[in-house]
Amino acid sequence: MRTCPPFEVTFIPGTAVVRTMPRQIAEGLYWIYEAGPDRVERFELDRRNPEWYDPDHEVYIPQCAYLLEGEDETLLFDTLSPACTDHVLDVLADLVGDGGLDYLVVSHPDVPHAGNAPAILDAHPAAELVAPGYGNDHELYRLGEATHVTEGDTIDLGDRVVEFHEATFLDAPVSVWMTDRRTDTLFTVDWMGFPHLGGDALRFVDETDRAFDVEQFVEFHSRVLFWYQYVDVETVQREVDALLEKFDPSVVAPSHGLVIREDTTDYVELMKDVPGIVDRRGRVGTLG
Amino acid sequence: MSVELTPTVEWLPQCYPHEDDGRNDNDGDGYHEHVSVYLVRADDGDVLIDSGSVYHRDEVQESVDAATDTTGLDALVLSHSDYPHAGNVSPLGAASEDVELVASSGSPAQQGLPAARTVSIGDQERICGRRFSFVDPPLADRSHTTWIYDHVDGVLFTADGFGAYHPPEHCEATAADFEDGIPTEAVFEYHRDNLVWLRYVDPGKIRRALDDIFGAYDVTAVAPVHGHPVVGAAIDSYLDGFYDAAERIADEYEVDV
Numbered sequence: 008m009r010t011c012p013p014f015e016v017t018f019i020p021g022t023a024v025v026r027t028m029p030r031q032i033a034e035g036l037y038w039i040y041e042a043g044p045d046r047v048e049r050f051e052l053d054r055r056n057p058e059w060y061d062p063d064h065e066v067y068i069p070q071c072a073y074l075l076e077g078e079d080e081t082l083l084f085d086t087l088s089p090a091c092t093d094h095v096l097d098v099l100a101d102l103v104g105d106g107g108l109d110y111l112v113v114s115h116p117d118v119p120h121a122g123n124a125p126a127i128l129d130a131h132p133a134a135e136l137v138a139p140g141y142g143n144d145h146e147l148y149r150l151g152e153a154t155h156v157t158e159g160d161t162i163d164l165g166d167r168v169v170e171f172h173e174a175t176f177l178d179a180p181v182s183v184w185m186t187d188r189r190t191d192t193l194f195t196v197d198w199m200g201f202p203h204l205g206g207d208a209l210r211f212v213d214e215t216d217r218a219f220d221v222e223q224f225v226e227f228h229s230r231v232l233f234w235y236q237y238v239d240v241e242t243v244q245r246e247v248d249a250l251l252e253k254f255d256p257s258v259v260a261p262s263h264g265l266v267i268r269e270d271t272t273d274y275v276e277l278m279k280d281v282p283g284i285v286d287r288r289g290r291v292g293t294l295g
Numbered sequence: 039m040s041v042e043l044t045p046t047v048e049w050l051p052q053c054y055p056h057e058d059d060g061r062n063d064n065d066g067d068g069y070h071e072h073v074s075v076y077l078v079r080a081d082d083g084d085v086l087i088d089s090g091s092v093y094h095r096d097e098v099q100e101s102v103d104a105a106t107d108t109t110g111l112d113a114l115v116l117s118h119s120d121y122p123h124a125g126n127v128s129p130l131g132a133a134s135e136d137v138e139l140v141a142s143s144g145s146p147a148q149q150g151l152p153a154a155r156t157v158s159i160g161d162q163e164r165i166c167g168r169r170f171s172f173v174d175p176p177l178a179d180r181s182h183t184t185w186i187y188d189h190v191d192g193v194l195f196t197a198d199g200f201g202a203y204h205p206p207e208h209c210e211a212t213a214a215d216f217e218d219g220i221p222t223e224a225v226f227e228y229h230r231d232n233l234v235w236l237r238y239v240d241p242g243k244i245r246r247a248l249d250d251i252f253g254a255y256d257v258t259a260v261a262p263v264h265g266h267p268v269v270g271a272a273i274d275s276y277l278d279g280f281y282d283a284a285e286r287i288a289d290e291y292e293v294d295v
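Chain order of the listed sequences is A and B.
Under the working numbering, the first residue of the first sequence is numbered 8, with each subsequent residue one higher.
Under the working numbering, the first residue of the second sequence is numbered 39, with each subsequent residue one higher.
This list has only true hints and no planted wrong ones.
Now the stretches of chain B that chain A is said to cover, found in silico as 3 or more residues with beta-carbon under 8 Å: (1) 90-96; (2) 116-123; (3) 145-157; (4) 179-188; (5) 220-234; (6) 237-245.
The set of hints was computed from the structure by calculation and includes no laboratory data.
Here the structure is a predicted model, which is why all the values come from computation and not from measurement.
Built from N, CA and C at the ideal position, the CB exists for glycine as well.
Same shape as in the complex, but just chain B (with noise of 0.2 Å):
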């Protein structure tokens, strides 16, 4: 399936099912994290950002298949190599004559991408005929990831970045199907557990850094791959959940000296 964020970017959301571990509000029912994908309609042929997990091999394939009417794509970009994010990337044809594989790294023979085109932050590419800068992402893991914007319908492709777990019924949800947004306890459950050096964090100083990125950027909506899609005013909703998240997440721990 897919869901239109804006006119010309659809989400093709996946989920992995978490099995309980006694840590999180949804312990009980198992909760769940997307691993999804997104699929843009650029005027010179269809772009999807990042490539899926293994896991979800065959359902992305299926989704890739859906979406383009078995055409499939005419460009890979992966916000890095992280294996959730750049598993599939030999079945859906990427590095091919047909499909153009763009990826952030300075080696990618290492990153085991040794045909992509690479990309740096800060670097602003065409593919497809669409323009995409490549942001340097506050809230990341991997050294090489990038976020991606995207120039032409303002969406913010966030890698691991505005995750949130959630329930079972709520994995086709994007943030405008939640009334009172998306729950916090959601947003600092998955932050905590995934970006784990936000135990560190001087909360301060985060929040600056993601003001800049909204203020040098039009954003209208923000495309994680580990949570909901965010679009317009619940961005400010969701910024205002994940600050109070990073800050119970550093206030919650101790150095063991």
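If we strip away everything but chain A, and leave its shape as in the complex, we get (with noise of 0.2 Å):
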């Protein structure tokens, strides 16, 4: 196993590409990163000009995956999308070295989530492909060859063992959660995602400039889970509830966001005020 190269961002001149190397969460675990494109135009921004949004920096929905290092074997959770192949690839080589990846797990068969999974799969031929056991159209998504996981299915990489559970909020019903036992993370891929300024890719949290904003949250989730404008607030509420009864992780480690490693729990209570909100103002937009 090499070492994780230093942390740098690479801004690629003329395009919309943020390219970055992975930032190591924990020992083992690392968090790779594509910004994808600045959504100030797309969202309106300048016009709407929400609390959290600073019209000198770009603005970014990311898209994460995560590698997981064990003392005998390495784990890649989802692959980043399509325009960024090389990269993840890079990344990937330069991460597991000589060893090769030894499973990689699609947590749902989205585009951006799974798309490199072909060419990740050629580069790692003996990587095992773990996917989803939920679902009932597996080979529509050319995933009825992989090894199936759901609630309490685990993989051990040495010292280091991984658990899937039940996607609790979700688009497409082929998902799966994960939750890295050594370091009590809890990756909830398209929930608890988060648009953040350009200056703060790759940064936990806690270390942005400027403090968290619920309104983060609902800029997502009225895109993404659009369908919160359709529920019972309460019974979400609820859900939510249950999930910090069940989980109530040391980390979040979001697909679609920053890394959440402080005050977990909070940011968790905090997600119980979104759908109210999503259900008085309706969708704000879509994204993908």
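Using the hints, put the two chains back together into the complex; each one sits in its own frame.
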């Protein structure tokens, strides 16, 4: 295993692409980041000017993947999008070195989450493809031959065990969440995402210059979980309580936001405010 | 094969056979789910709505070839980039010089569709000379999904909404082939399994959203990817069944605290 390269952000001139080297969250847990396009114009942020926005910055809703390294084996959770194929292959090669990748887990078969699976499996032919056991149409996603995991299934990477869970708030029925037992990290996939300012790429939430605003959660969920506008709000709030009782994680690692490692319970609690706000205002737009 | 729904819209049905899983009414005989596409004969060319799954690649290609006398498409419009809807973009020649690709996406490169002309919910566009509106879909799972309304024949293409499972003998049936309408149980099972968020739904809210759409557009036919097409008066019957299904899905779900 090679040492993770230093944290570095590269803005590519003349493009909307921001590429970064991965960041180590904890020993053997790496955060691989894809910024995606600057959202200021499409989200009409200059006109809407939400409290969390700063017109001097770009705004990103990232696509994140996570590499977990145990004593014996390695596991990649999600693949980044097809806009970043070369980037994720380069980063992965650097992180796993000659040992190669052992497991590729796709949280769900959405293009930005799973679109590089064929390229990664080509580059790491010994890797085992792991997919959600939920849903009933895996062959439509070329996941029929994958190893299917459901609630309570585990993979032992050596001195690190990951556990899989039925996804609670999701888009695709073929979805799964994951926890890393060593660091008590919950990978929430499409839940608890949020936009961040350009200068905060790959920062932990506690490292950003501005205090977190619940409206950042609202901006994301009123697009991605647009159906919050059609729900019974109290039922969703009870579901968040149930999640806290089940997990109460030390770290939350979303696919579309920055990693939360301090006061994590408070951020999960904050998610109880979101469906009510979306219910009152309706969806603000789309993402994807 | 193709089934004419309206004077210039055809259904090109494809089916995915599910294995029995002990959860559905048709267990024992297997149950099927449509993964269909639709062909619109526009004034200036043939427009395909969605492209089907890689699982049906050869069949979709053959259907399109047969429907177009092998001249191929002039445009492909994607409701969203989910693989069962966008699995055959390249084989159908879309995003080439000859076949325009239109997709609802704010970040097409991340969706694997860098060459697409992008549209958004609320847009109205002419494609091959035909006017389409892109509608905010209450019954969907992916954020960037749009329903697509055809202003000429009044067909509403509803992507993941308005689905239903069916037994193997009903693969080519439209709603008109069911004496008592599409079975409510099949509507319930489809939506329970595929629009998982309906377990939290407030049925009144979803009813109001659908009422708004059917009030705003003169819909003569509903064209789902995962169900039987519904034409004319059968739409109200389907909606009644769906509202019952939504209420039942919500009632049967209990938060496990």
